[in-house]
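Novice: Sequence:
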Amino acid sequence: MEIRSLTDAEYDAVVDLWKRAGLPFKPRGRDSREHLSNELSNNPDLFIGAYEDGQLVGVIVGTDDGRKGWINRLAVIPEHRRKGVARALIESCEEALKKRGRRIICTLVEDNLESLELFKKVGYLKHDDIFYLSKREDDDV
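Residue numbers (my numbering): 87 to 227.
Quick caveat, the hints were computed from the structure, so don't treat them as lab data.
Hints may be right or wrong, so weigh each one.
[What the hints assert, rightly or not] With a straight-line cut-off of 27 Å between C-alpha atoms, the simulated DSS-like cross-links for lysine-lysine are:
#1 Lys206 - Lys169
#2 Lys184 - Lys207
#3 Lys154 - Lys184
#4 Lys105 - Lys206
#5 Lys221 - Lys112
#6 Lys206 - Lys184
#7 Lys105 - Lys169
#8 Lys154 - Lys206
#9 Lys112 - Lys154
#10 Lys184 - Lys212
#11 Lys154 - Lys221
#12 Lys185 - Lys105
#13 Lys105 - Lys207
#14 Lys207 - Lys154
#15 Lys185 - Lys207
#16 Lys207 - Lys169
#17 Lys212 - Lys185
#18 Lys221 - Lys169
#19 Lys212 - Lys169
#20 Lys185 - Lys206
#21 Lys169 - Lys184
#22 Lys185 - Lys154
[Stated by the list, open to error] Simulated restraints on C-beta separations:
#23 Leu194 - Asp102: 16 to 26 Å
#24 Leu219 - Gly170: 12 to 22 Å
#25 Asp94 - Leu194: 37 to 47 Å
#26 Asp225 - Gly170: 29 to 39 Å
Using N, Cα and C, we set each Cβ at its ideal position, and we do this for glycine too.
Please work from the sequences and hints to get the whole structure.
Specialist: Below, the structure is given as structure tokens:
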């Protein structure tokens, strides 16, 4: 397995992977080509893909808010799950965030018990005393 930074040219492959993996896709908002291209150009080390025989099989997107690192959009296509792909992507993203000086790395898991269990296995703690709230301009952001 090869783990490396993604490129702008792989946008369509990333979107296809997210869809195959069952992640929601918001093409008019946070997942638009323009938005992701801008994020990728600013943080190329945090857009990471996993490849088997040249095929993109997993993706992770990290963000850095200046205080905490965040793991977002972890996805692995179904036929490559349970083979260490997600764990390798998490480790790679953590390494990139630690290089930036982030000592706290967080993730939000949305209604996905398999992902929740994976993150717990690799050392993340579930906090029952933290409430996630958001205010959105529309459903696409």
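Novice: All hints, please: hold or fail.
Specialist: These are the hints, each one checked on the structure:
1. A threshold of 27 Å between alpha carbons decides the hint, and for Lys206 with Lys169 the separation of about 17 Å falls inside it, so the pair holds.
2. Our distance criterion of 27 Å between C-alpha atoms is met by Lys184 and Lys207, whose separation comes to about 19 Å.
3. Only pairs whose Cα atoms come within 27 Å are accepted, and Lys154 paired with Lys184 is accepted, the gap being roughly 10 Å.
4. For the given pair, Lys105 sits about 25 Å from Lys206 by alpha-carbon distance, which is consistent with the 27 Å threshold.
5. Only pairs whose Cα atoms come within 27 Å are accepted, and Lys221 paired with Lys112 is accepted, the gap being roughly 16 Å.
6. At roughly 19 Å between alpha-carbon atoms, Lys206 and Lys184 fall within 27 Å of each other, so this suggested pair holds.
7. Note on Lys105 and Lys169: the hinted pairing holds, with a Cα-Cα distance of about 20 Å set against a maximum of 27 Å.
8. This hinted pair checks out: Lys154 and Lys206 have alpha carbons roughly 18 Å apart, not beyond 27 Å.
9. Of the pairs offered as hints, the one joining Lys112 and Lys154 holds, with about 24 Å between alpha carbons and a cut-off of 27 Å not exceeded.
10. With a C-alpha separation of about 21 Å, the suggested pairing of Lys184 with Lys212 holds against the 27 Å cut-off.
11. Taking the CA atoms of Lys154 and Lys221, the gap is about 20 Å. The hint holds against a cut of 27 Å.
12. Taking the CA atoms of Lys185 and Lys105, the gap is near 31 Å; set against the 27 Å cutoff, the hint is violated.
13. About 25 Å separates the Cα atoms of Lys105 and Lys207, which keeps this hinted pair within 27 Å; it holds.
14. Taking the CA atoms of Lys207 and Lys154, the gap is about 20 Å. The hint holds against a cut of 27 Å.
15. Taking the CA atoms of Lys185 and Lys207, the gap is near 23 Å; set against the 27 Å cutoff, the hint holds.
16. Distance check on the hinted pair: Lys207 and Lys169 sit about 14 Å apart at the alpha-carbon level, within 27 Å; holds.
17. The straight-line distance between the Cα atoms of Lys212 and Lys185 is roughly 24 Å, inside the 27 Å bound, and the hint therefore holds.
18. The suggested pairing of Lys221 with Lys169 is violated, with an alpha-carbon distance near 37 Å, which exceeds 27 Å.
19. The hinted pair formed by Lys212 and Lys169 meets the criterion: a straight-line CA distance of about 24 Å does not exceed 27 Å.
20. Proposed proximity of Lys185 and Lys206 is supported: the alpha carbons are some 23 Å apart, at most 27 Å.
21. Restraint check for Lys169 and Lys184: the C-alpha separation of about 25 Å stays at or below 27 Å, so the hint holds.
22. Distance restraint check for Lys185 and Lys154: the Cα-Cα separation of roughly 12 Å lies within the 27 Å cut-off, and the hinted pair is therefore satisfied.
23. Evaluation of the 16 to 26 Å hint for Leu194 and Asp102 yields a pass: the beta carbon distance comes to about 23 Å.
24. Taking 12 to 22 Å as the suggested C-beta distance range, the pair Leu219 and Gly170 does not conform, at roughly 34 Å.
25. The beta-carbon spacing between Asp94 and Leu194, approximately 26 Å, falls outside the hinted interval of 37 to 47 Å.
26. For Asp225 paired with Gly170, a C-beta distance near 34 Å keeps the hint of 29 to 39 Å intact.
Violated hints, listed in ascending order, are 12, 18, 24, 25; each of the other numbered hints is respected by the structure.
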